[in-house]
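A.B. asks: Taken in order, these protein sequences are the chains called L and Z.
At position 128 of the first sequence the residue is numbered 128 (this note's numbering), and the sequence of numbers has no breaks.
At position 249 of the second sequence the residue is numbered 1249 (this note's numbering), and the sequence of numbers has no breaks.
Derived from the structure by calculation, the hints contain no laboratory data.
The structure displayed is predicted, hence computed values, not measured ones.
Don't take every hint at face value.
Pairs of lysine-lysine residues, derived as DSS-like cross-links and limited to a Cα-Cα distance of at most 25 Å, are as follows [stated by the list, open to error]:
#, chain 1, residue 1, chain 2, residue 2
1, L, Lys139, Z, Lys1064
2, Z, Lys1246, Z, Lys1064
3, L, Lys134, L, Lys164
4, L, Lys91, L, Lys164
5, L, Lys134, Z, Lys1246
6, L, Lys266, L, Lys253
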Amino acid sequence: MHRRALLAGVVLIALLLVVPLAGCASGPKHTEQITVSGSTTLLPIAEQSGEAFHKHHPEISVLVSGLGSSAGIEAVSAGTANIGTSSRDLKPEEGPLGLIDTPVAYDGIAVIVSPGNRVDNLTMEQLRDIFSGKITNWKDVGGEDRPIDLVNRDEASGTREAFKKIVMGDASFDTRAAVLPGTGQVRDVVARAQGAVGYISLGFVEPRFSDVRVKALTVDGVTASDVTVANSTYPIGRTLHFFTKGEPTGATKQYIDFVLSDEVQKGVVVDAGFIPIAMRGAQ
Amino acid sequence: MSPEETRSGTKTLQLVSRSTYVREWILQALFFACAFVFVLAVALIFVFVGWKALPIFTDYSFWKFISGTEWSASSQQFGILPLIVGSLIVTLGALALGTPLAVGTAVFLSDVASPRVRKFVRPAVELLAGIPSVVYGFFGIILLRAVVARFTGTLGFGAFTAWIVLAIMIVPTLAALSEDALLSIPEGIREASYAMGATQWQTIYKVVVPAAKIGIIDAIILGMGRAIGETMAVLMVVGNAPVFPKGIFAPLSTMTSQIVMDMPYAVGLHRTALFAMAAMLFVFSMLLVASVRLLSRLRD
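Take these sequences, add in the hints, and give me the full structure.
C.D. replies: Okay, structure coming up:
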């Protein structure tokens, strides 16, 4: 009896192992594969548009991996990826690699405070001093006499990464800041705490799923908006790039054109909290 | 053991048929297997965690790990002293708040309440013990944190908020165990006290509670185990700043919550440090269990 049970078990496991393989083999044949590698910030855009693209073109599949912008640039120039995605511009030493830049979206980060805060504007320097813990009271930046409560994101956050790179430079974050694991939480906490300051992706400033309001500060006198981020007058913004080795051709070009189409730009891009590339140069 | 033996054995054994005998044996084996699998699982987890944590001695430094005051993955600093202190602050504070409440509840249930009241209160306490911790955390972050934030003008994250949430969480466990301890005191002792002319209050705090002291301390230690290991609810209300907090309303972080925060993206030395922290937690809980065992030996 035992032996029979054992045999049945083995057969079952063997079936479980083999059936999915068989399923794979009989599935649609991919004649072409586009490899997209790079920035984790761009993952949602690349992945979701890749899936949608595959639905339109079943013969082409898009393989997406997020290893970081530098890895993406490295991969595309070495030829191991068709497209390298990057949330930063090329460094001077990467200039001679012969990469063609296709901007696919803009990303802006708003500095938010509670609506009752009297401060309306901070300079980049003040922001750096506040988030590194040098300035600890709102009265030092023109507000009322109230301690500043910092709200930071966790280290896995792409927003934190971008904020650190653009605003903090070499300064490091004050470790006494509260660390919250999500944009929604940052927004919610800042909205209700008089002395709080935090930063979130621009797309989430206006209430979408929440009835509480936050106030986005102007930075260096510039209001954060789709337009000011796209024309680079608002300082805490960046361009998200697709890099290709030489002009894109064939399936790669088809895919990039799809990413730039309204279907993706007004859907995936906006949903992920980014700004469509069509805003470029807008006034 | 063979059937022949059984047949020629005592009368009771003769009554047991062969199929019953086999069934008994299978059940025995089954129960043994249950216990064995469980013990094996614990042992494997311990070995795995220890093995993954081991590089902390070679790639980092155990002393720097234990006594370092900076926890920062981006600068590869993994000092867990602020996290240990954070765990202790949160745990001890919650116990300080929860213990009087729990012992009071237990005394009420065992010595004061009428059977009818007891019928309502006890299920309520038991229900509290069964609520998933994320619900407490949700309550803490949505309601309690906002209230604390309004009254103190801070973010509302910090030890104080965690104390309240944790206290509510551990009171049911503490109360149930303390009540058991109180109920195990023979009725005769209470009667003796009354016979000496003691009032009910005098009986409770001079006789019954002291007599149940060790059982109550047992309960406190187990409550401490739950508090120190609690993760989700704590994560949601402490603010997760790995520093020595400047006050009870300032963000801090604990060992468990830091593990959850960092887990998704930790690689290399960072991951090793997380495993080492898990090993520390293991050691903490082993110490707690050991002290419970020591205490129960004391009681016997």
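A.B. asks: Enumerate the violated hints, using their earlier numbering and listing them in ascending order.
C.D. replies: 1
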